[in-house]
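Student: As a plain string of letters, each chain reads:
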Amino acid sequence: MASWFKSPASETQVTHGQRLWLYVFAVITMILLVLPTLIVIPMSFSDSQYLEFPPETWSTRWYDNFFGSDEWMQAMRTSLQTAFLTMLVATPVGVAAAYGLHTSNVPFVRMAFVMMITPMMVPLVLVAIGAFYAYVQLNILYTVTGLVLAHTVLALPLVVIVSGSALKGYDMSQEQAARSLGAPRWKAFFTVTLPQIRFAVVTSALLAFLTSFDEVVVAMFISGGDNPTLTRNMFNALRDQIDPTIASISTLMIFVTTVMMVLAQVFGQQRKP
Amino acid sequence: MTTTALRPNEAGLRTDGRLERLRLFGLSSPAMLLILVILVIPVGWLFYVSFIGANGEFSLENYERMIKRKSYVRIFITTFQVSVLTTGLCILIGYPLAYFMSQLPNRLANLCLITVLLPFWTSLLVRTYAWLVLLQKQGLVNQWAMNLGLWDEPLKIVHNMTGTLIGMVHIMLPFLILPVYGAMKAIDRDYLKAASNLGANPRTAFWTVFFPLTTPGLFAGSLMVFILCLGFFVTPAVLGGGKVIMVSMKIVSNIELFVNWGAASAMGVVLLIMTLVILWIASRFLRLDQITSGGH
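In the order they appear, the protein sequences are chains A and B. Counting in my numbering, the first sequence runs from -12 upward without gaps. Counting in my numbering, the second sequence runs from -7 upward without gaps.
Derived by calculation from the structure, the hints in this document are not laboratory data. Some clues are possibly wrong.
Unchecked claim - Each computed BS3-like pair below joins lysine-lysine, with the alpha-carbon atoms no more than 30 Å apart:
| hint | chain 1 | residue 1 | chain 2 | residue 2 |
| --- | --- | --- | --- | --- |
| 1 | B | Lys235 | B | Lys62 |
| 2 | A | Lys(-7) | B | Lys185 |
| 3 | B | Lys62 | B | Lys148 |
| 4 | B | Lys235 | B | Lys129 |
| 5 | A | Lys155 | B | Lys177 |
| 6 | B | Lys129 | B | Lys148 |
| 7 | A | Lys(-7) | B | Lys177 |
| 8 | A | Lys174 | A | Lys155 |
| 9 | B | Lys235 | B | Lys148 |
To be verified - Covered stretches of chain B (in silico footprint by chain A; criterion: 3 or more residues with CB under 8 Å from a CB of chain A, positions within the stretch not fixed):
| hint | region |
| --- | --- |
| 10 | 216 to 224 |
| 11 | 231 to 238 |
| 12 | 246 to 260 |
Ideal placement from N, C-alpha and C gives every residue a C-beta, glycine not left out.
So here's chain A without its partners, still in its complex pose (with noise of 0.2 Å):
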C-alpha cells in the first residue's frame, strides 16, 4: 500500500499519493451524479406521504394512483405516442438531409448545415411561443400530430449529426462500386451503406424518441386539452406541490431510459467485431 503511494500515477510521474484527493473529489463527484436520480426509485415505493428514505413501510400506493388516474394515463399514452412517431418522422427524414448533405457538393452545404442545427441553438422558450402561434394559425395546436411536428424539429439536429458523422467515418467509395456494378443510387444506399451506419442510425432514433419523451418546455405551450403529455402534467404538478405520484412517474421514466441505454450500448458494442 505505501508502495502505492509512491508509484508514479502517469507519465508526468506525479505519484498516487500526490493525487489522492483527486480520486476522493472524483468519487464522491461520480456518487453525486448518480444519487440524486437512483434514490428516487426506493423513495417512490414508500408509504408515506413525505417520501421518506429510506421508506419505513413499502407499499405501491404512488404507482397505483398514478396508474388508476385516467388523467395520468391519457397522459402517458400522449407521450408514448408521440415520442414514437416523432422517431419514426424524425429518423429517416434526418439521415436522409445528412446523406444528402454528405453526397452533394454544392456550395451551400455548410449554410444548410447550420440551418439544420438551429434547433439547438435557438432558445427553448422561443421555439415553444413561436410553435404556438403557428398551431393557432395552422389549426394544429393540442394535437398529436402539432407535437410530433415539433420534436420532430427538435430532434432533427441530434440524427444529422450522429448519422452525419457516421458517414464521414464511412468510406463512400464501397456505394460507388456498388453503383458501377449496376446497382441504382437507392439500392446502393439500402443495401451497401445503410447496413454499415445502422448503428448510428438506430442511435439516433433511441435519441429522437427521448428528445419527445422528456421535453417540456414546447409541450407547456402546444400540448394541453385531450393531449397533455406526462412531462407537461408533471411539471405542472411539481409548480404545485411535492406529490409523491411524481417519484412514481419519475421512476416508471428512469426505466425508460435505462431501457433506451441497454439498447443503444447493445448495438453499440457490436461495431467492433
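Starting from the known structure of chain A, fit chain B onto it as the hints suggest.
Tutor: Showing chain B alone in chain A's frame:
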C-alpha cells in the same frame, strides 16, 4: 480546336453532375421545410411582433422597457449570474473528473463514464424533481447533515439561488465532461513522457503540455453549458421557487399570465441575439460542428 471538340460530352456531363448534386441536396429538403415552417418562420414573426407597440403600430417600447424597468434589468443580470456561476462550477467539478477518467484503464473508464451518461440520458424533469425532494426542509440532505452535526437547524437550500445552482450544475455537468473527456483521450501520452523526461515536474508538465491541448474541448463544453444556461427554464422555475427569475421564465409568464406577446417576443429576440453573438464569437476559434460535437 477547343476542348469541347476533344471531349464532346463534357458540357453534358457537367450539367448531369450538377443536376445529380442538386437532386442529392434535395434529400435534405423535407428536414429544411419542417425547420422552416415550425421554427424559422414563427421566430421571424416573433421578431416582427417585438416591434409592435400596445397601440398596434411600430414602436420600440418593448425594447425600451427592458432597459428602463429595473425588474427587467435585474432578470438579465440574474440570468448572466446563474449562467456564469453554473459554467464556472461545471468547469471546476467536471475538469478534474474528466482528467481522472481519462487516465483509467479502458474498462474502468467506461464504467465511470456510465455515471456521467446515466444522468445525461435521464429526463431533466426527473432530475430536477429528485433535487427538489432531496433539498427540501425535511429532505435527505438536511436530515443527513443534521445527523452528522454539520448544521443544527434545517437550512433553506431549495426555492432559492443555492437550490437552482445545485440543480443546474448537476444537469449541465455531462455537457462539459463529455467533450473535455474526448479531448483528453485524444492526447498522445508521449508528449507528457517527453515533458517529464526533459525535467518538467508534474505540475509544469500538466499546465504547459496537457492543459493547453485540452482547451478546445474545454472551450466547446463551457460554451455549450453557458448557452444552454442562458435559455434555461425548467430547473430554475422549479428549484428557484420564484426567487430566481431568468429570462425564459419571464417570457413564459409574459405569455401565460399577461398575454403580452410584444414584451415576450422582444425578450426572446434579445436572448436569441445574445446566443448568436456568443456562437459567432466562438466560431472564430472553433468550427460550428466542432462546438456541437464537442471540440473534435
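Student: Of the hints given before, which are not true for this structure?
Tutor: Failing hint: just 11.
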